[in-house]
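Peer 1: Letter by letter, the chains look like this.
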Amino acid sequence: MHHALHIKNGIVIDPKNGVKAEKMDIFVKDGKIVEESEIKGEDVKVIDASNKLVVAGGVDMHAHIAGSKINTGRTMRPEEMRVVRNIANKFRAAVGRVLLTSPAIGYEYAKMGYTSSFEAAQPPIGALHTHEELDAIPMIDKAALPVFGNWHFTFKYVEAKDIEKLKTFIAWALERTKGFGVKVVNPGGVEAWMYGGNVTSLDDQVPGFNVTPREIITSLIKATEELKLNHSVHLHCNRLGVPGNYETTVETIKLAKGFSNDARQVLHVTHVQFNAYAGDSWRNAASGAEEIAKTVNSMDNVTIDMGQPIFGHATAMTGDAPFQFTLHRLTGSRWSNKDSEVEGGAGIVPIVYLPKNPVHALQWAIGLELGLLVDSDKVVLTTDYPNGGPFTEYPYVMAMLMSRKMREGELANVSPYVQKATNLPAIDTEKTLEEVIHMTRSLPARVLGLPQKGHLGIGADADIAIYNLNPLEVDTSNDFEKVYKAFKTAEYTIKSGRILVKNGELVDEYWGTTYWVDATGKVDLEAIKPDLEDYFKYYSVELQNYGVEERWLRRPERIVV
Amino acid sequence: MEETVNVICTFCGSVCDDGLFDVEKFKSKRFCKLGSSKFSKKERIKAPMIDGKEVSYEEAIEKAAEILVNAKRPLLYGWASTVNEAIRLGVILTEKLRGVYDQCASVCHAPGTLAVIEEGLPGGTLGAIKNRADVVVFWGANPMEAHPRHGMRYSISAKGLLVKDRKQRKVVVVDVRPTKTAKLADEFIQIKPGYDYPVISALRAIISGNADAVPDEVGGVSKEKLVELAETMKNARYGAVLYGLGVTQSRGRDRNVENAVKLIQLLNRHTRWVIWPMRGHYNVVGAGEVPAWEVGYQYAIDFSRGYPRFSPAEFSAVEVLKRGDCDAALIIASDPAAHFPRAAVKHLKKIPVIQIDPFPNMTTLLANVVIPSAVAGIEAEGTAYRMDAIPLRVKKVIDTNYWSDEQILEKLLEKVEKLMG
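In the order they appear, the protein sequences are chains A and B. Here the first sequence stands for residues 1 to 561, numbered as in UniProt numbering. Here the second sequence stands for residues 1 to 421, numbered as in UniProt numbering.
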């Protein structure tokens with residue numbers, strides 16, 4: 001194996017470092033990007049990247065790739081496993097249509113030039129399961145975000161307005177779950193589901209506790225900012241999937257006012273497409289994307305991701321258990337549910353997005369509207385895998401954002417309902433290649449708080465993708481098929497300096513790092529010990545047996561804040 | 001090591017994690033009868049053996065690798081009583097060998113998995129049930145004998161957040177005979193064997209407002225009684241149906257569970273209900289979850305084409321053996337010689353068999369290569385999934401010369417890879 005790489009004559013786009021399609025060389029040693037002088041005297045492998053696009057490896061900041069939800073999805077949907085992606089040979093057998101096996105997840109990301117992915121909802125008591133699956137995904141770096149928004153400890157400390165204890169609890173929970181940051185799913189709404197209900201506004205009272213979603217969100221932002229965690233609060237809003245919900249989303253985004261952070265946003269609102277509906281029923285539902293985009297664009301401390309639906313099969317799986325039940329009632333499809341101790345819940349329902357279905361077409365159009373109308377520095381490209389569809393279609397979304405012509409072609413094939421219910425047909429914005437690279441690399445890395453990811457500056461992780469696309473020549477407005485094809489399979493994917501993919505084929509297997517954030521040094525864990533000991537009587541496991549030890553993980557990396 | 005330590009029980013699917021174990025005296029506390037029998041000194045397989053002759057671990061593993069590599073289609077079966085780390089290696093090994101992976105669920109709770117494929121699994125953790133369930137229905141399940149501490153810890157007399165004690169919880173048992181659990185119940189409903197499906201259908205009809213369609217008696221239960229049960233279910237704040245092998249292994253099998261899941265779907269239109277299987281072995285859930293993430297399916301998986309295929313009527317161990325469709329077998333943490341149908345065991349006797357197990361059993365008698373292993377939870381650590389899929393890391397509290405299942409399989413996989421080149 002070569003310790004050093006010299007990527008020669010590539011056309012580099014590196015938004016974080018202000019490199020806009022410049023012909024330049026990149027040097028790699030010991031898994032990092034280095035100066036040319038560093039590789040002198042090394043056994044250097046030269047990669048000729050002439051006329052090719054060289055960018056940082058893709059960063060997926062929100063996907064459901066590991067844990068009890070996706071695995072229940074696999075169990076419930078054997079029909080998903082008939083697509084054979086790799087026959088066991090040097091590499092593992094890999095199968096799956098949209099739901100993939102763990103090896104297939106790693107392989108498909110790598111083939112697409114993606115090198116990091118974050119599991120977006122880790123049930124805290126199931127943390128060990130999540131980590132077992134993360135450890136079974138080859139090729140990429142990863143992490144998991146435990147869910148806090150319906151955890152009784154959160155309710156209790158928010159109710160008591162005790163931010164110090166809330167901070168301590170967050171630090172304790174991140175350490176125990178080996179989690180990366182604070183995920184919040186339908187705060188209060190999942191607790192209401194335990195009684196058969198949901199919350200309908202930011203000011204509903206959570207059953208059994210004197211708290212509201214508004215208080216939960218603002219308290220968690222405050223605690224997260226005071227702890228200075230890498231990533232901000234990562235919020236799945238209330239009222240997901242309900243016509244008229246865009247107003248709640250706008251109101252929620254504004255809760256970030258009054259908080260600030262020099263390095264990143266203070267609130268990341270996720271898969272916003274599912275929370276961007278106007279109207280009061282599915283009969284008159286319309287897009288609320290414009291209002292949301294206006295709000296996000298007017299603020300400097302909020303980011304979002306798209307949650308773009310892809311026509312075809314998908315599986316809805318979220319910690320938003322009441323929404324999943326609503327979806328089951330709506331579609332009559334299979335439904336799995338998991339109420340989880342005193343922590344929250346989850347649900348799983350198969351879905352299929354059909355272009356001729358007015359609601360599905362509306363959802364598809366709204367996702368794209370968000371991607372086009374929100375500043376490229378504030379919106380990350382996601383499908384909320386597998387909720388909106390496969391991550392393997394990110395290249396489709398990239399190409400669509402860059403080409404009005406491609407959108408026009410697609411619009412001709414979808415339900416005409418989108419013509420009156422959305423503004424997509426009128427939007428002439430075409431994102432540049434540089435913007436789309438930012439939305440899939442440097443932006444998600446910044447949003448997550450990973451300074452070594454998403455760029456090609458000296459000292460960055462040598463996670464690199466090379467695509468068969470010359471940015472100096474390509475006309476992204478018209479050559480959308482070429483763009484799509486180029487991003488679909490990388491010419492080279494390099495992870496931590498190792499060549500994993502060449503000409504779209506796997507050539508090497510690699511086991512990435514699992515990041516977790518340790519904030520315990522900033523708090524006094526003793527302060528919440530009596531509370532934990534007392535309230536654990538409502539758990540079905542002992543406090544001493546709760547959580548995940550670092551030595552049980554394959555390649556953990558502790559980030560101390 | 002400390003004298004008395006916390007241990008996590010590795011007997012049944014309850015995986016109680018509040019046990020204490022005196023390492024010096026080899027004595028457990030706070031365990032049920034089943035658990036304490038596992039955590040006591042038992043007869044062990046003394047050493048690795050080839051054809052009855054004692055050999056070293058290395059020799060036995062070498063021989064096992066040869067058998068597996070020379071087989072056209074080996075069956076790798078068992079897995080329910082070992083840890084996920086070993087199961088994962090087993091799945092990878094089976095894939096490499098292009099064999100068949102199957103696990104104990106295929107002869108007990110697999111019909112429940114088929115029902116998940118049809119209708120999903122609207123469930124909750126045992127902690128959710130303990131905290132919230134004011135009505136618990138045991139259907140074809142007898143935890144007082146099969147999961148002795150389940151009732152106390154999670155479901156019958158467990159003290160929870162909203163349901164403070166036994167008095168605030170109504171326990172119903174539906175079974176074909178008065179079981180030990182039935183004696184503790186507030187209500188026992190005895191049904192005729194094989195009538196689970198029609199009884200569930202009757203409940204669905206009553207709850208959906210079609211009581212007229214229900215005859216005066218269904219499966220040995222009067223309509224009056226069924227209406228009463230339906231009312232109890234509808235009026236619950238949070239109910240739980242916990243079903244056992246009485247449902248999955250009687251007439252109707254997966255259809256019974258499917259019907260029960262539909263009942264739960266319906267009930268959730270009125271109030272909150274969950275349903276969950278009472279899984280048997282301590283990590284039978286892991287034996288399904290691990291292959292699900294590694295290769296997409298829970299059991300009955302064939303790799304002969306180099307990729308996984310799932311077909312329960314074709315690739316479950318009993319079917320493969322009955323057809324004579326495997327030419328070697330690795331049996332781990334299980335005893336098919338004692339539990340499988342005669343026709344299946346007959347084929348097992350004909351082919352080379354490798355056994356990995358801490359304890360001797362009927363399968364030991366027909367195994368060509370026997371590899372004893374450490375007891376997970378006492379002598380080896382690893383991850384196990386409780387019946388509700390909550391992961392727990394079982395502990396190593398005693399040193400041993402026995403290799404763990406994980407160590408044995410790691411070495412075996414390494415040998416197989418070497419032999420296959």
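If you're looking for bench data, these hints aren't it; they were derived computationally from the structure. Because the structure is a prediction, the values reported are computed rather than measured. Yeah, the Cβ is synthetic: ideal placement off N, Cα and C, and Gly gets one too. Watch out, some of these pointers could steer you wrong.
Straight-line distance between alpha carbons at most 27 angstroms, and here's what the computed DSS-like set of lysine-lysine pairs gives [unchecked claim]: (1) Lys-156/A x Lys-502/A; (2) Lys-32/A x Lys-20/A; (3) Lys-167/B x Lys-111/A; (4) Lys-53/B x Lys-537/A; (5) Lys-411/B x Lys-156/A; (6) Lys-537/A x Lys-29/B; (7) Lys-167/B x Lys-537/A; (8) Lys-502/A x Lys-485/A; (9) Lys-254/A x Lys-165/A; (10) Lys-485/A x Lys-16/A; (11) Lys-418/B x Lys-90/A; (12) Lys-502/A x Lys-29/A; (13) Lys-53/B x Lys-411/B; (14) Lys-170/B x Lys-537/A; (15) Lys-16/A x Lys-111/A; (16) Lys-228/A x Lys-156/A; (17) Lys-90/A x Lys-294/A; (18) Lys-90/A x Lys-170/B; (19) Lys-41/B x Lys-529/A; (20) Lys-90/A x Lys-164/B; (21) Lys-418/B x Lys-156/A; (22) Lys-96/B x Lys-537/A; (23) Lys-27/B x Lys-537/A; (24) Lys-529/A x Lys-170/B; (25) Lys-482/A x Lys-20/A; (26) Lys-27/B x Lys-42/B; (27) Lys-159/B x Lys-529/A; (28) Lys-234/B x Lys-90/A.
To list a few chain B residues with every Cβ distance to chain A over 12 angstroms, as calculated [as the list claims (entries may be wrong)]: (29) Ser-40; (30) Ala-71; (31) Arg-73; (32) Arg-98; (33) Asn-142; (34) Lys-159; (35) Glu-187; (36) Glu-224; (37) Glu-231; (38) Arg-253; (39) Phe-310; (40) Ala-343.
Peer 1: Work down the list of hints and note, for each, if the structure agrees.
Peer 2: Cross-check of the supplied hints:
1. Lys-156/A x Lys-502/A: 52 angstroms, violated
2. Lys-32/A x Lys-20/A: 21 angstroms, holds
3. Lys-167/B x Lys-111/A: 59 angstroms, violated
4. Lys-53/B x Lys-537/A: Violated, because 52 angstroms separates the two Cα atoms, which is more than 27 angstroms.
5. Lys-411/B x Lys-156/A: 50 angstroms, violated
6. Lys-537/A x Lys-29/B: 20 angstroms, holds
7. Lys-167/B x Lys-537/A: Holds - the C-alpha atoms of Lys-537/A and Lys-167/B are around 19 angstroms apart, at most 27 angstroms.
8. Lys-502/A x Lys-485/A: Holds, because 15 angstroms separates the two Cα atoms, which is no more than 27 angstroms.
9. Lys-254/A x Lys-165/A: 25 angstroms, holds
10. Lys-485/A x Lys-16/A: Roughly 25 angstroms separates the two Cα atoms, so the pair holds.
11. Lys-418/B x Lys-90/A: 13 angstroms, holds
12. Lys-502/A x Lys-29/A: 19 angstroms, holds
13. Lys-53/B x Lys-411/B: Between Lys-53/B and Lys-411/B the Cα gap is close to 21 angstroms, so the pair holds against 27 angstroms.
14. Lys-170/B x Lys-537/A: Judged against 27 angstroms, a Cα distance of about 21 angstroms means the pair holds.
15. Lys-16/A x Lys-111/A: With a Cα-Cα distance of about 24 angstroms, the restraint between Lys-16/A and Lys-111/A holds, given a limit of 27 angstroms.
16. Lys-228/A x Lys-156/A: 22 angstroms, holds
17. Lys-90/A x Lys-294/A: Violated, at about 50 angstroms.
18. Lys-90/A x Lys-170/B: Outside the cut-off at roughly 56 angstroms; violated.
19. Lys-41/B x Lys-529/A: The hint is violated at about 37 angstroms.
20. Lys-90/A x Lys-164/B: 56 angstroms, violated
21. Lys-418/B x Lys-156/A: 57 angstroms, violated
22. Lys-96/B x Lys-537/A: 45 angstroms, violated
23. Lys-27/B x Lys-537/A: 26 angstroms, holds
24. Lys-529/A x Lys-170/B: 34 angstroms, violated
25. Lys-482/A x Lys-20/A: 20 angstroms, holds
26. Lys-27/B x Lys-42/B: Answer holds: Lys-27/B to Lys-42/B is near 12 angstroms, not above 27 angstroms.
27. Lys-159/B x Lys-529/A: The hint holds at about 21 angstroms.
28. Lys-234/B x Lys-90/A: Since the Cα atoms of Lys-234/B and Lys-90/A sit roughly 56 angstroms apart, the hinted pair is violated (cutoff 27 angstroms).
29. Ser-40: 22 angstroms, holds
30. Ala-71: 16 angstroms, holds
31. Arg-73: 14 angstroms, holds
32. Arg-98: For Arg-98/B, whose nearest Cβ neighbour in chain A is about 7 angstroms away, the distance does not exceed 12 angstroms, so it is violated.
33. Asn-142: 20 angstroms, holds
34. Lys-159: 7 angstroms, violated
35. Glu-187: 23 angstroms, holds
36. Glu-224: Fine: 28 angstroms to the nearest Cβ keeps Glu-224/B off the interface.
37. Glu-231: Consistent with the label, Glu-231/B stays out of reach of chain A, its closest Cβ about 17 angstroms off (over 12 angstroms).
38. Arg-253: 17 angstroms, holds
39. Phe-310: Non-interface label fails for Phe-310/B: nearest chain A Cβ at 5 angstroms, not farther than 12 angstroms.
40. Ala-343: Holds: least Cβ distance 27 angstroms, greater than 12 angstroms.
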